[in-house]
Amino acid sequence: MRVRSTNHRRLLACAVLPATAALIAAATAPATAATGTSTTTATATVADDSRSVWRGDGLPPGQSDLGEVALVPLDDRPYTWYAPLKLGAGAGYEVTTPEHEVLGRHFTPGDGAAAAEWLVQAARQADDAVVALPMLAYGGLLNSRNSSVPQEQALANLEAVRTVKKQNPGERLYAFDTIMRLTPEGPWRTDLRIWATLVDEVENLGQEDKRAELEAMEAKIPQEVRDDYLATRQRNHELNLEMIEWAAEGIFDYLIIGQDDASGTGLHRPEAAALAERIRELGVEDRVVLYPGADTVSSLLLAKLAVEDAGTEPAVYVEYSRVHGSEWTAPYQNIPYEDLIEGYVNTIGGRMTTDIDDADVVLMANTGGSSASVQPFADRVIEYVEDGRTVALGDDAIAGRTDMRLMDLLDPEIDRGELVAYSGWNIGIPISQSLSRDALLHRAERGDLPPGSANGRGGPIDEGRTSLLSEAAEHTLELTLSEWVQTNSYRTYVRNDTTAYASSLGEPNPQDLQTYYDEVDAYAREHTLPYAQDLFDEHFDGVARPVGTVAGEALELVATDVEEWNIYLPWLRTGEIAAEPEIAASVG
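Just so we're aligned: the sequence shown equals residues -33 to -1, 1 to 555 in mature numbering (1 follows the signal peptide of the UniProt record, and there is no 0).
Worth flagging that the hints you see were computed from the coordinates, not collected in a lab.
You may find that some hints are simply not true.
Claimed, not checked - Pair ranges (Cβ atoms, derived): (1) Ala366 <-> Asp479: 16 to 24 Å; (2) Pro303 <-> Glu248: 23 to 31 Å; (3) Arg91 <-> Asp479: 37 to 45 Å; (4) Gly555 <-> Glu248: 52 to 60 Å.
No experiment lies behind these values; they were computed from the predicted model shown.
For glycine and all other residues, C-beta sits at the position ideal for the given N, C-alpha and C.
Based on the provided sequences and hints, a complete structural model is requested.
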């Protein structure tokens, strides 16, 4: 299966509520710096295999696939663009996305109207669609945090999903929206987060001891800044509510409303409560869910498609490290880790089990919040891998970075490539990847793969299935390797030095590179590459990974080399790296 994308990237050069009603009513109308009028001509023309787009060569296109999915991503970052593309391909699907110019980049918003036009056209040839509604409405996640797109224009862009459902009634349309996080962009971002938290705590929760602090923040932040912030929140909240209504109408087959970067208190809290109440009133709890997350939701929905198509209900057994998931909340989340994991698994179509022998996937969840030793947890990871179980590792103990105390215990005993999936960004990625792979492997075992029927056998049929499964296994391995490079090679060893280098060049804010992007990008690439290559050599080279079953034979993939390392800073900041490796491998 191919990951098709017309996203030609520059990387080839190596990127209402009772407590707040009065405040919102007093807010001025949002500015209309952007009309939302499309300036990019959208096209549904499908480019060559995206592996070719990325590097100019690569494996030939697949012989077959399990279906085509039109994906409108949240933006073009690795976790929102690359991860769902590779995850879908790793599950056997052909995934298409809009052109890179449509998606925008960092503070340059995407073109919501053009993305909407692309979706309508792409859905005609796709089997299903996964849509990040903030890209259609506002041009991406970052632009949803300001008032530049009027509500009327955002709603007009969103009408594309109605058109898609009307024109393709048999096509599954899965979508997600986001509740605006407390921290917007811009110079007042930190003060607004503090103020928005205090408003909820004082006005909604009655914490009068904080009123003086609230009044001090209100005196500090200009009225027009607070008004614009509230108007933006109100616009987004009203569209969240409208999307729930559309789900009730049958426009969406499944809708997730994800809480972007959350904490326990703040103006997002009563907004989420109002959304939950509306979901209950409409009786759509079976197809509208509300929980923390934004970056990983496309991956969850692609995995949901794969599990549904396979007709499986994968069982997930979970173990925690220092603190049990019922007693710990991950960074940037606002519900217990255990509830988050269960919500992700249920959304995809899996089930939780307390019996490891009943499990299709063993999810090892590395938690923080304690100085307790991680040795017992590491011992169990090693034991389960050596027993031949399918082990996925969610490494959320330290926000966005690998927990090296854990790795120092694992590395002498197992290869990281023996884990079926990993992420140090959000546990939703290894959950999605492992369950979607499980779905494909089950289909292969029972012969439920193209070409031919389940009982089909013989040269061309077996060759086609072997090709499909082999390419899927390569995409899966490349995604897993990419996750390690991002959160381990770069964020653990290189990011701080890259940020310091940017500052030394005279960049006032390394998270908004204005002048020296090329120099900083080159520094990041040059210093990340040795770590990435060592990672492959030590933990992935020669490690056998399951491909699937063809004609009764269980095939394995063994990586032998990384033919191309495509490493770059995806946005004009040092916060994250993109790593898009192309491996060489043998299958047998």
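TODO: Find the hints from earlier in the document that the structure breaks and name them by number, from lowest to highest.
DONE: Result: no hint breaks.
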